[in-house]
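> Sequence:
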Amino acid sequence: MPPGRILPRSFYARPTVEVARALLGKVLVHGPAAGVIVEAEAYLGDGDEAAHSARGRTARTAVIFGPPGHAYVYLIYGMYHCLNLVAEPDGHPGCVLIRALEPVSGLEEMRARRGAPCRPENLASGPGKLTLAMGITLAHNGVDVTCGPLVVREPAKAEPAPEILVTPRIGITRAAHLPLRFLLAGARIPPARRYNGPSSR
DNA sequence: GGTAGGATGGGCT
DNA sequence: GCCCATCCTACCC
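27 is the number of the first residue of the first sequence in the working numbering; add one for each residue after it.
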């Protein structure tokens, strides 16, 4: 299972939607734990009222305005963390929320960190679940994901262009209709996380 | 199969 | 104070 090369900064220095789509099928790696990204959402810098960057640069959101290829991690509902990867050129806000992984290695570490008994497909099938399973915390806010302990790699073997499903984003109230959630069509998604509304490619 | 409610803390008005 | 880019449990079909 030797994974491919680490994604370079140029991968992230593009429009956020492009980065979100391109991240599907790539492998998030943290120590022995790794998983294929199967679900992601784009949060835009331009007029996206749902994005944390929408109301300007603050101490918390500064990372989103910084150079691409860095992690934006924040605490949600007082108990879970969410991982984003910063896109767009330096100075332009935009990030991609990583919403689900398909675990490929380090399953035992993930299970130990999750605590709750769960099947492999539920280990990292949500933004809060995957940060817990991967051991990602606020300590990772701002870290460079083109080097260091937390990285994103090409998959071990090159895949054909994946089929991508596009739907509205989940769990937000503002700008809730925008088609900015992207899923790998072949991914195994738990029933409760499926989407039955209209979708496109 | 589905959903309602609660846990829990930082950021911002 | 209020608002969350969530998850799990309990309970009800």
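Be a bit skeptical, because a hint or two may be false.
So the derived label-pair ranges between C-beta atoms look like this [what the hints assert, rightly or not]:
| # | residue 1 | residue 2 | range |
| --- | --- | --- | --- |
| 1 | Gly30 | Pro146 | 19 to 25 angstroms |
| 2 | Gly197 | Thr84 | 29 to 35 angstroms |
| 3 | Arg81 | Ala184 | 37 to 43 angstroms |
| 4 | Ser131 | Gly212 | 16 to 22 angstroms |
| 5 | Pro186 | Leu101 | 35 to 41 angstroms |
| 6 | Thr84 | Ala184 | 37 to 43 angstroms |
In short, the hints are calculated from the structure, not lab data. Using N, Cα and C, we set each Cβ at its ideal position, and we do this for glycine too.
> For the pair Thr84 and Ala184, does the Cβ-Cβ distance stay inside 37 to 43 angstroms?
40 angstroms, holds
> Verify the CB-CB distance for Gly30 and Pro146 against the hinted window 19 to 25 angstroms.
22 angstroms, holds
> Is 29 to 35 angstroms respected by the C-beta to C-beta distance linking Gly197 and Thr84?
21 angstroms, violated
> Quick check on a hinted range of 37 to 43 angstroms for Arg81 and Ala184, using CB atoms only.
41 angstroms, holds
> Please check whether Ser131 and Gly212 have a Cβ separation lying inside 16 to 22 angstroms.
19 angstroms, holds
> Verify the CB-CB distance for Pro186 and Leu101 against the hinted window 35 to 41 angstroms.
This hint holds: roughly 38 angstroms between Cβ atoms.
This entry does not satisfy hint 2, going by the numbered hints stated previously; all others are met.
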